[in-house]
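Just so you know, the sequences run in chain order A and B.
In terms of the working numbering, the first sequence opens at residue 1 and continues consecutively.
In terms of the working numbering, the second sequence opens at residue 1 and continues consecutively.
Check before you lean on any hint, since a few could be wrong.
Listed next, the stretches of chain A that the computed footprint assigns to chain B, with coverage defined by at least 3 CB atoms under 8 angstroms from CB atoms of chain B [unchecked claim]: (1) 30-44; (2) 114-126; (3) 130-142.
A short list of chain B residues far from chain A (calculated; beta carbon distances all over 10 angstroms) [said to hold, decoys possible]: (4) 25; (5) 158; (6) 221.
Listed below are the simulated SDA-like cross-link pairs for lysine to any residue, each with C-alpha atoms no more than 25 angstroms apart in a straight line [to be verified]: (7) A:160 x B:181; (8) B:178 x A:30; (9) A:156 x B:204; (10) A:100 x B:163; (11) B:90 x A:97; (12) A:23 x A:156; (13) A:140 x B:174; (14) A:104 x B:162; (15) B:178 x A:74; (16) B:178 x A:213; (17) A:183 x B:90.
Simulated from the structure, these hints should not be mistaken for lab results.
The beta-carbon is built from N, C-alpha and C at its ideal position, and this holds for glycine as well.
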Amino acid sequence: MGTTVIERNEEVRNSKQTNETAKINVKDLDLFYGDKQALYKVSLDIHEKEVTALIGPSGCGKSTFLRSLNRMNDLIDGVKITGDIVIDNENIYETNDVIKLRTKVGMVFQKPNLFPMSIYDNVAYGPRMQGIKSKKELNKIVEESLRGAAIWDEVKDRLKTSALGLSGGQQQRVCIARAIAMKPEIILMDEPTSALDPISTLKVEELIANMKKDYTIVIVTHNMQQAARVSDKTAFFLNGEIIEYDETNNIFSMPKDQRTEDYVTGRFG
Amino acid sequence: MRKFKDHLLLGLLWASAFLTVAVLVIIVGYIFYKGFRLIDFNFIFGDYSPVGHGGIWPMIVTTLYTIFISLIIATPIGILAAVYLQEYAKQGRLVRLIRYATESLTGIPSIIYGLFGAVFFVTTLKFGMSIIAASLTLTIIVLPVIIRTTEEALKTVPLSYREGSLALGTTKLQTLYKVILPSAMPGILSGIILSIGRIVGESAAIFLTAGTVAAMPEGIFSSARTLTVHSFLVTQESGDIELAAAVGIVLIVIILILNFSATFISKKLNKADY
Numbered sequence: 001m002g003t004t005v006i007e008r009n010e011e012v013r014n015s016k017q018t019n020e021t022a023k024i025n026v027k028d029l030d031l032f033y034g035d036k037q038a039l040y041k042v043s044l045d046i047h048e049k050e051v052t053a054l055i056g057p058s059g060c061g062k063s064t065f066l067r068s069l070n071r072m073n074d075l076i077d078g079v080k081i082t083g084d085i086v087i088d089n090e091n092i093y094e095t096n097d098v099i100k101l102r103t104k105v106g107m108v109f110q111k112p113n114l115f116p117m118s119i120y121d122n123v124a125y126g127p128r129m130q131g132i133k134s135k136k137e138l139n140k141i142v143e144e145s146l147r148g149a150a151i152w153d154e155v156k157d158r159l160k161t162s163a164l165g166l167s168g169g170q171q172q173r174v175c176i177a178r179a180i181a182m183k184p185e186i187i188l189m190d191e192p193t194s195a196l197d198p199i200s201t202l203k204v205e206e207l208i209a210n211m212k213k214d215y216t217i218v219i220v221t222h223n224m225q226q227a228a229r230v231s232d233k234t235a236f237f238l239n240g241e242i243i244e245y246d247e248t249n250n251i252f253s254m255p256k257d258q259r260t261e262d263y264v265t266g267r268f269g
Numbered sequence: 001m002r003k004f005k006d007h008l009l010l011g012l013l014w015a016s017a018f019l020t021v022a023v024l025v026i027i028v029g030y031i032f033y034k035g036f037r038l039i040d041f042n043f044i045f046g047d048y049s050p051v052g053h054g055g056i057w058p059m060i061v062t063t064l065y066t067i068f069i070s071l072i073i074a075t076p077i078g079i080l081a082a083v084y085l086q087e088y089a090k091q092g093r094l095v096r097l098i099r100y101a102t103e104s105l106t107g108i109p110s111i112i113y114g115l116f117g118a119v120f121f122v123t124t125l126k127f128g129m130s131i132i133a134a135s136l137t138l139t140i141i142v143l144p145v146i147i148r149t150t151e152e153a154l155k156t157v158p159l160s161y162r163e164g165s166l167a168l169g170t171t172k173l174q175t176l177y178k179v180i181l182p183s184a185m186p187g188i189l190s191g192i193i194l195s196i197g198r199i200v201g202e203s204a205a206i207f208l209t210a211g212t213v214a215a216m217p218e219g220i221f222s223s224a225r226t227l228t229v230h231s232f233l234v235t236q237e238s239g240d241i242e243l244a245a246a247v248g249i250v251l252i253v254i255i256l257i258l259n260f261s262a263t264f265i266s267k268k269l270n271k272a273d274y
């Protein structure tokens with residue numbers, strides 16, 4: 001029984017190495033903040049239309065890794081990156097079109113960060129910046145995006161009021177709508193529910209499960225139950241390295257590395 | 001004993017607050033008390049005449065001229081400079097030097113600026129004693145104020161706004177124009193309001209660059225007299241405190257109107273973005 005599972009995992013690994021279905025292909029990624037190294041030779045294939053969870057204790061590099069996928073680390077002075085991140089056969093650190101990259105790879109942050117504008121303008125912000133001016137088209141995008149983020153019914157009567165008047169959970173879903181409005185292929189989520197109450201968390205998790213059919217999702221989470229509930233694959237980070245990457249079920253039920261087991265059973269972290 | 005100390009401290013706090021408000025009320029009250037009898041339609045909108053109590057319309061016009069010309073030049077330059085220093089420049093020795101320089105500039109007595117204006121704008125550039133020479137001098141005076149307050153305002157815009165905008169595939173300029181500047185608007189505006197106060201309150205520098213001609217200016221190259229200078233001169237020449245106080249009331253009202261309209265405009269601007 002044990003052997004067959006391991007064999008199956010080997011197969012999964014092998015198919016990953018050929019990376020036929022990999023949407024994002026990361027190879028030997030090293031990242032430095034000045035002199036301090038934060039990621040060590042991280043290699044990972046992320047598959048299309050799946051949810052990939054990144055877990056690990058604080059400071060293990062999972063958020064840093066996530067933020068290199070849309071080059072948000074570029075904003076920080078003194079960050080140096082070596083290795084390859086290839087999305088759809090394009091090395092994102094070789095092309096200089098960060099704008100195009102971030103249009104394709106959307107992001108939802110830890111705390112809801114809506115702008116001090118109306119709900120409508122928040123969602124229409126990205127498309128407008130891309131030059132879409134037609135009122136009709138914008139209305140359509142805003143409605144579709146809010147529906148896609150399962151918040152349309154709650155806000156449809158108050159689209160023109162300030163987005164900052166919504167509850168934290170609603171704000172986070174509008175943030176997701178704002179990301180969807182750009183029609184991205186990949187959505188990165190950096191602990192999207194850590195600032196939310198349990199009921200809002202549940203709603204966001206349901207949303208993630210639904211979004212999987214349209215988007216490739218990479219989610220950083222502190223909450224192991226969340227990783228178990230929403231993700232297909234899980235990568236365990238420790239001190240800037242990937243210790244184990246596998247089907248979520250395997251990570252939680254039969255981890256191969258002792259450190260993974262210790263972490264998922266709550267012995268540290 | 002501890003209770004006594006508590007009460008003492010509270011009393012001191014209260015007394016300080018009271019004193020501050022009292023001083024303001026007394027000064028404004030005194031000026032109103034001294035001057036309000038002189039204020040009528042003719043005093044505000046009448047032309048000036050050296051004999052008897054003429055109107056102060058020319059001085060009001062001159063004051064408004066100097067405010068608008070200085071702000072029209074200083075505001076865009078100040079905001080752009082602050083944006084460059086805060087958002088674009090590589091934070092290093094040069095930027096620190098520029099910051100230090102702007103800070104020092106705010107501390108220089110205005111008479112020095114006045115002397116510079118008198119030499120440079122009035123004489124070297126041959127503007128003569130004129131509204132434009134005074135306005136340009138005032139521009140230099142308020143520029144550091146606008147730069148400093150705008151920089152402070154930009155610093156208070158949360159990083160999460162910038163990240164949120166950039167993560168949506170916008171350029172740095174779009175983020176600046178659509179998210180950062182609107183959020184920083186209240187702070188920038190308070191800098192402009194401070195500048196209005198600085199301009200209206202200035203006398204020495206204007207005295208040296210615009211002169212004291214008490215007549216309706218024909219244009220920005222005319223020599224003219226602002227309200228503050230007028231107030232100073234009537235007190236000095238004739239010792240007419242009542243007239244000076246009446247001018248003071250008009251000054252206070254002008255500042256209030258300008259401040260309110262600035263706040264109103266910024267609210268409107270914010271709304272327009274919604």
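Legend entry - Violated hints, by number in ascending order, as checked against the structure: 1, 3, 5, 8, 9, 12, 16, 17
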